[in-house]
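Asker: What follows is the residue order along each chain.
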Amino acid sequence: MNARLSPEPLRPEAELQAFLDSRTGDGAVVTFVGLARDSSRAGPVTGLFLDHYAGFTERSLETIAADAGARFEVSDIRVVHRSGDVAPGEAIVFVAVAAPHRRPAFEAADYLMDRLKTEAAFWKREDGPDGSRWIEPTDQDRADRQRWSD
Amino acid sequence: MEIRILFLGELGARFGRAHVLEAGEAVTVGDLRQRIGEQVKGSASSLMRPDVRLVVDQIVEPESALVRSGQEIAVLPLYSGG
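If you're matching them up, the sequences are chains A and B in order.
Counted from 1, the first sequence has number 147 at position 129 by this note's numbering; the numbering is strictly sequential.
Counted from 1, the second sequence has number 67 at position 55 by this note's numbering; the numbering is strictly sequential.
Fair warning: there could be bad hints in the mix.
If you anchor each label on the Cβ, the simulated ranges turn out as follows [as the list claims (entries may be wrong)]: (1) B/S81 with A/Q35: 47 to 55 Å; (2) A/G146 with B/S76: 36 to 44 Å; (3) A/G45 with B/D69: 39 to 47 Å; (4) B/R26 with A/L34: 36 to 44 Å; (5) A/R160 with B/G28: 27 to 35 Å; (6) A/R29 with B/R16: 33 to 41 Å; (7) A/S167 with B/G42: 27 to 35 Å; (8) A/T64 with B/E50: 32 to 40 Å.
Output of the computed footprint for chain A on chain B, the stretches with three or more beta carbons under 8 Å from beta carbons of chain A [as the list claims (entries may be wrong)]: (9) 13–25; (10) 80–92.
Worth flagging that the hints you see were computed from the coordinates, not collected in a lab.
What you are looking at is a predicted structure, and each value in this text was computed from that prediction instead of being measured.
All residues carry an ideal CB built from backbone N, CA and C; glycine is no exception.
Based on the provided sequences and hints, a complete structural model is requested.
Answerer: Take a look at the structure:
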């Protein structure tokens, strides 16, 4: 399991290649890439800023990855999350899950993203032509997280 | 004693990221919640919000936990998530 922050632009293709290298025992790898959009319900978006608390935020990512590893029959997980300034079109998050079979890999990736969207310790500011606003998880994000409640 | 205060996210943008607070001995997290609100101008109502958490040296502690000199208190608004 590997979960880390990236203050630099993410390269999903390089992350995927590194995740695939030397992998011979798994029959499935599922990946997800989250991108910064150029608009939101509030209007046009010129950029995002992801504030984080060094050390604390990394541990929140590691906890979510470890929980996914314990919950599903998967053999490996990689989570890479951006911090700092992110431009529209850039990747915010890369998630990869490897498993002997595809179903748990799909489920674990879905679970990881639902947890990350609500419980990763980030504070996100959306910048636009009319100013900036700090954003919170949406009702949909919270409902998605609830799907996995024990 | 001196305690370092760190505001994250929107609270950092509004009140400044880092502060140093002078406090007497044997203060609790709950005491600090009020003390920070009194000393950092304009922050009192934010500090009293139930969804604003204080963590001590990166660990979530109960409001009754004692804080020692040199420790860092981070004031965390509700996470945005990733």
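Asker: Hint by hint, note whether the structure agrees.
Answerer: Results of checking the hints against the structure:
Checking the proposed 47 to 55 Å range against B/S81 and A/Q35 shows it holds: the Cβ atoms sit about 49 Å from each other. Roughly 43 Å separates the CB atoms of A/G146 and B/S76, a value that falls within the hinted 36 to 44 Å. Distance hint check for A/G45 and B/D69: the Cβ-Cβ separation is about 43 Å, which falls inside the suggested range of 39 to 47 Å. At about 39 Å, the CB distance of B/R26 to A/L34 agrees with the hint of 36 to 44 Å.
The hinted window of 27 to 35 Å between A/R160 and B/G28 holds, with their beta carbons roughly 30 Å apart. At roughly 36 Å, the beta carbons of A/R29 and B/R16 sit within the given window of 33 to 41 Å. For A/S167 paired with B/G42, a C-beta distance near 29 Å keeps the hint of 27 to 35 Å intact. For the hinted restraint 32 to 40 Å between A/T64 and B/E50, the CB-CB distance of approximately 37 Å keeps it satisfied.
Closer than 8 Å: that is the beta-carbon criterion, and the segment 13–25 of chain B has 6 residues meeting it against chain A, so the requirement of 3 holds. For a cut-off of 8 Å, the count of residues in the segment 80–92 of chain B with a CB near a CB of chain A stands at 6, and the three-residue condition holds.
Hint compliance for this structure: every hint is met.
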